Every structure is written in C-alpha cells, then in structure tokens.
Amino acid sequence: MKAIVAQLVEDALAALPDLSDAVANLDLATTVERTRDAGHGDFASNVAMRLARTARQNPRELANTITDCLPDSNLVDKTEIAGPGFINFYLSPAAFHTEIETILDQGGDYGRQAAKDHPRILLEFVSANPTGPLHVGHGRHASFGATLGNLLEAAGYPVQREYYVNDAGRQMDILGLSVCLRWMESQGASFAFPRAGYRGDYIRDIAAEIDTSGIDSVDTSALFEGVPADEPDGDKEAHIGGLIDAAKRTFGDDAFGRIRQQSLESIRQDIEMDLAEFGVIFDRWYSEQDLEKNGRIDAALVILEKRNMLYQKDGATWFRATDFGDEKDRVVVRENGVKTYFASDIAYHFDKRERGFEHLIDILGADHHGYVARVRAGLSAMGYEATDLEVELMQFVVLFRGKEKLAMSTRAGEFVTLRQLREEVGNDAARFFYVMRSNDQHLDFDLELAKRRSTDNPVYYIQYAHARIASVFRQLAEKTLTWDPNNGRRGLSLLTETHEKELMTALSRYPEVLELAAANRAPQHLVHYLRDLANEFHTYYNAHVFIVDDDTLRDARLTLIAATRTVIANGLAIIGVSAPDRM
RNA sequence: GCCCCGGUAGCUCAGUCGGAUAGAGCACCAGAUUCCUAAUCUGGGGGUCAGAGGUUCGAAUCCUCUCCGGGGCGCCA
20 MKAIVAQLVE DALAALPDLS DAVANLDLAT TVERTRDAGH GDFASNVAMR LARTARQNPR
80 ELANTITDCL PDSNLVDKTE IAGPGFINFY LSPAAFHTEI ETILDQGGDY GRQAAKDHPR
140 ILLEFVSANP TGPLHVGHGR HASFGATLGN LLEAAGYPVQ REYYVNDAGR QMDILGLSVC
200 LRWMESQGAS FAFPRAGYRG DYIRDIAAEI DTSGIDSVDT SALFEGVPAD EPDGDKEAHI
260 GGLIDAAKRT FGDDAFGRIR QQSLESIRQD IEMDLAEFGV IFDRWYSEQD LEKNGRIDAA
320 LVILEKRNML YQKDGATWFR ATDFGDEKDR VVVRENGVKT YFASDIAYHF DKRERGFEHL
380 IDILGADHHG YVARVRAGLS AMGYEATDLE VELMQFVVLF RGKEKLAMST RAGEFVTLRQ
440 LREEVGNDAA RFFYVMRSND QHLDFDLELA KRRSTDNPVY YIQYAHARIA SVFRQLAEKT
500 LTWDPNNGRR GLSLLTETHE KELMTALSRY PEVLELAAAN RAPQHLVHYL RDLANEFHTY
560 YNAHVFIVDD DTLRDARLTL IAATRTVIAN GLAIIGVSAP DRM
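Quick note: to get my numbering, add 19 to the position in the first sequence (first position is 1).
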C-alpha cells in the first residue's frame, strides 16, 4: 500500500524536470511513511523538505508544486500540506477495501514478496557443539534463526539453513573419554572423575547404550598411571589430556574412536530431534570432520599460502589477519602441528561462498564478537568480500520465575535445557518469547508469564484473537447462517466505524512490517505488530456485534475478520507459533 | 588499555532512513460489565530519552567526549 503512494510521488516528481538533479540523489522509497497520528492522514511524505535545500526552495512551496503534479488516483481522497512541509495523503476507503480483497485472494501468501534469484543466502545458526543437550541460550538462537529464515524467504530470497557441527578436535576426545569413564564406573570401577570432563547425567545415559566392546577388560590403574594430577593439586587440562592419551593407548585408537563417534552422533541426533520438535529444521548439517576429511581445510591453507597470506613464527603457521583489518595475526597451525578451529572456519566460510551462496549470515553469541573480524579477514584473503559475511550477535538469556532469577551454572550441569523449557511453557510460548526482544538486547524470559493463560501473556492474547474469529464463524453456523464472501466484498463500504477503519489500516501494514523486519533482521517488529493487530481486533470485537441481522453488513464484517484471521495466521507462521481455532 | 552491545515511564521493552505532541505491555488509580468466550472492557496519572557538546529547517535517532551495566580481547572451541 505504501508503494502506491510512493509511486504517486515519483510520478509527480517526474513531471518536474527542474528538480531532477535534486531527486537523483534521493531514495524516493524512503520519503513516504505511515503517519503516527490519524490527524495527519494515512501516509506522509517528507520529500519536499528533503529536496528543499538542493532545490533552493521553501519546503512548503515546493510541497505545493509537487502536490499540483500528483496524478489523479481513486485510491487517494485528498492531500494536505502540513507542518514544515509534509505532504499528507488521505487514502480513500476503496484503497483499504482493495487491500482486504487482496488478503483474501492471496491467503497464506499475503505479505510475501515475489521470489528473487539473488542474493542466495546461507543462514547458519545454533551450531552448538555436540557435547551435550541444548540449553535455553541455544533456544534463542534457534528461534531467532528460524524466524529470520522465514522472514528472508517471505522477502523473496532463496535461503538455506545450515548447522555447523563442531565434531572434530579435542573436545570430542574429552567427550569420548567422559563416556568411557562413566561406563567404567557403571562396571564398578571407582576413581575421581576429571574436573575438565563432561559431568552431565546424559553422559551416563550414552555410556549405557553404546557399544563399548574394546574397553571391557581395562583396569583403572593402567589408565590413571603416570597421568598428571587433576585440580586442585595439578592442572585439569594436563590431567584430562593425559587421560585421553592413555585411553587411546590402552583401548586402542579404533575402540576409542568408535566410542567417541557414537557419543557425538548420539548427542547430535538428540539435538536434531530437540530442534525438530521445536519446529526448527535445517537444510543441512555440515560436519567439521567432513571438512577435514575432504581436504578442504588443507586446500584453503594452500590457497592462503599461494597468496602469501601465511608465515612461520615460533614454530606455528600464522595468517596475516592484520592485513585485512584484524587487530592481530592469527595462528592457523599450532606448533604441535594441529590446525586451529580458526583454520577450519576459514575453510568453512570459503566453502559456503564456493557453493554459490552470495550472502552469508552467521548468528553467533555475543561472546563471539571478537571472532568476527578474523573470519571476515579470512574471507577477504580468500578473494571474497568481507561484507559477504553478516554476523548477528545474540545477547544472553536470563530465566525468571516471576521475580525470581534462576541461577544457571553450566559447569555444575545445573543449566536448564531447551527441552525442559519447552516442556514447561510449550513450544508456542517459547518460540514467541525468544523473538520478542531485539537480538542485541539481553532477554529476560519469565516462565510464569509464558505459561499464563490470560491477556497479560502476549502470545496468548494473539492466539486468542485467532481462536475468537474461528469461534465467531462457529457461532454463525450455530445460528444456521452462512458467510457469503462475495456479498461481503460488495458490502465493505458499509464498514465505516472507527474500529473498522483502524483494523483495516492495521491489516494493510502487514506487508510493510514483514519487509522491515526482514531488512533489519528484527523479528520483534513482527511480534509487536501482531500484538497491535490482535488489540485492534479485540477492541473491535468488544465494541461491535458481527453477527447482525443485516445480511450485507454481517457479510462485510465477517469478511473483515476473515482477513484478520489470515494475517494473524500468516504472521504467527513466520514466528513458528501455531494459530489455534480453539483454546 | 582496546573492541562490541546496552542505558527511553516504577518494571520489561518498542521506536524504521533524522520528521509533526515520545509509544506499548505490566504495575498503579478510577470506572464498567444481563451482550458473538469474564480466558474481560473503558479511561487516567506517570518522561531531564544516562550526562555534556556538536551537525540542521528538525535529533531518542547522526558525530565527539564523559559516566554506568554486560560481554570480548588464547598456538581454546
């Protein structure tokens, strides 16, 4: 709808050749906006003020000139010049009626833009290490990422959702060892579990179900002999490192490797199932092990070497990150010959780009912000643009139960898992609450509020609007009446109540909200919009009876609320929240 | 020390590319409610947009500095 007004302004300016220079460096789409105050009409343009300086004209006079050149349109009732030089547009009722018809015609597609071919977007999110179940922080990443993916698709972009599985490296060895040790305990062995091991109960569960043949006959003394002391007397990293070496030696690389793979695969599958239950589906699970196996990390290092981006120092191989704006050079191969995590990440991001994705979006925890510059540097050094990579940083989640803040200690295994949260408040409330706030705002997640079945709870309030509309149609049937949509369309001009006009205005904003939320990577705009829309509907419901005796007025009102139901359902679908017909 | 994010009503937060009188929910106060769902509704009070300077027709928004809170600055991942 905004586009209609913007087009009128553009046409008017085209008829004013004297202004063409000034117009040239102005993005006209940005000069039209919704008014905040109905007293200013439906849309306002600040184009005259924006052009006034370069055109060296008084803004109000300029606004007058532009208004005179506006083409006639049956969608605009009148225009006014107001304030310092705003042009206010008052749209005709027909403009809103057309929009209602568009909603009904397009249904689930209403608000979506035409599919574009470019840029192809690769959206990577969650990517939690497969060392344990997802916790509430990951839930925010999952909800935000899934919603952003939906928003970008609604904006017409081709999107692939990807989960990068950090299934290589030392922490996988620590996982494998933790499982071995828990299994040995289950067989009656007794020893101090390493401080740096994974201590959660899920490790015992894995130990109970996987194939541990190969470590059956090992006695603990052989494993712990000669291993450096654990904390507090010694160093926990050295201790667990010694245990890993001992385990590989005594069990054999094959047996240990098998346990490690089974353990991580068990956790990875659990994560995938957890996310699927949460409505978060990935197109691809990209394994770091595969990256290494396929030689892509070495290949990336060769390219960097050829481009003279690497050098040796202190026995390690360094990448010249400072040449690309990072604050220091970074190690890619350690003195011990082991490649760093950063080396695989260069290779991974290069690979994303090589697979034809022109725009890469990573959703990362705010604690990873220091990492962004070097990944960008890597991408630049590999011959792509640093700006090809966009990073959205997520701030942390703090759980509340009413006023009480829930302590969460990952170390002690006391963290709340995503699964526990979902079970307590339900998927809908969880998906909704997680995207309620801007990603760069800390999120206070109130479990009590999320569970409440009253209008205090925004997700409830919005779903209730949807269910209420369905209920009205059930009432209609009970009264043995039917809705005639065509008659309703013809009768839309009967909808002249303030509440009806406000509801129509709110509905017509939906495509603009979607576009804005996608462009700004800001799902909270959609959340706020849906709450506003639900509020407009509930207010209307409370003020007027829909099922009236007059056939045409009744059909028209039912047409309006049917359109409302469609928009609420579409918006909730983007967030991943159900739109129930009954509650 | 350097880097990132935040600071807007009592609380939790929106505020688009600079736009007209600063927005919502909760809480609070006052009313209403024989009615398609009380699983409520209507109205009201409440602001030094952290502070100071700058840019301009116009600043919560952009720039500079300061203060406060969170996070990050590994041959960890």
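If you're looking for bench data, these hints aren't it; they were derived computationally from the structure.
Note that this is a predicted model, so its numbers are computed, not measured.
Fair warning: there could be bad hints in the mix.
Straight-line C-alpha distance at most 30 Å; calculated DSS-like pairs for lysine-lysine [as the list claims (entries may be wrong)]:
#, residue 1, residue 2
1, K21, K332
2, K347, K325
3, K267, K255
4, K97, K520
5, K470, K498
6, K325, K255
7, K255, K332
8, K312, K325
9, K21, K135
10, K347, K332
11, K312, K332
12, K325, K267
13, K424, K498
14, K422, K498
15, K347, K422
Status of the hints after comparison with the structure:
Distance check on the hinted pair: K21 and K332 sit about 59 Å apart at the alpha-carbon level, beyond 30 Å; violated. Of the supplied pair hints, the one linking K347 and K325 holds, its CA atoms being roughly 21 Å apart against a limit of 30 Å. Only pairs whose Cα atoms come within 30 Å are accepted, and K267 paired with K255 is accepted, the gap being roughly 18 Å. Using a Cα cut-off of 30 Å, the hinted pair K97 and K520 holds, with the two alpha carbons roughly 17 Å apart.
Taking the CA atoms of K470 and K498, the gap is about 34 Å. The hint is violated against a cut of 30 Å. Simply put, K325 and K255 have alpha-carbon atoms about 40 Å apart, too far for the 30 Å limit, and the pair is violated. A C-alpha spacing of about 28 Å is found between K255 and K332, which places the hinted pair at or below 30 Å, so the restraint holds. The suggested pairing of K312 with K325 holds, with an alpha-carbon distance near 22 Å, which does not exceed 30 Å.
With a C-alpha separation of about 20 Å, the suggested pairing of K21 with K135 holds against the 30 Å cut-off. The straight-line distance between the Cα atoms of K347 and K332 is roughly 14 Å, inside the 30 Å bound, and the hint therefore holds. Only pairs whose Cα atoms come within 30 Å are accepted, and K312 paired with K332 is accepted, the gap being roughly 27 Å. Only pairs whose Cα atoms come within 30 Å are accepted, and K325 paired with K267 is rejected, the gap being roughly 36 Å.
For the hint pairing K424 with K498, the CA-to-CA distance comes to about 50 Å; that exceeds 30 Å, so the pair is violated. Between K422 and K498 the CA atoms are separated by roughly 47 Å; this puts the pair beyond 30 Å, and the hint is violated. In summary, the hint linking K347 to K422 is not supported, as the alpha carbons are separated by about 44 Å, beyond the 30 Å threshold.
In terms of the numbered hints stated before, the structure departs from hints 1, 5, 6, 12, 13, 14 and 15, listed from lowest to highest.
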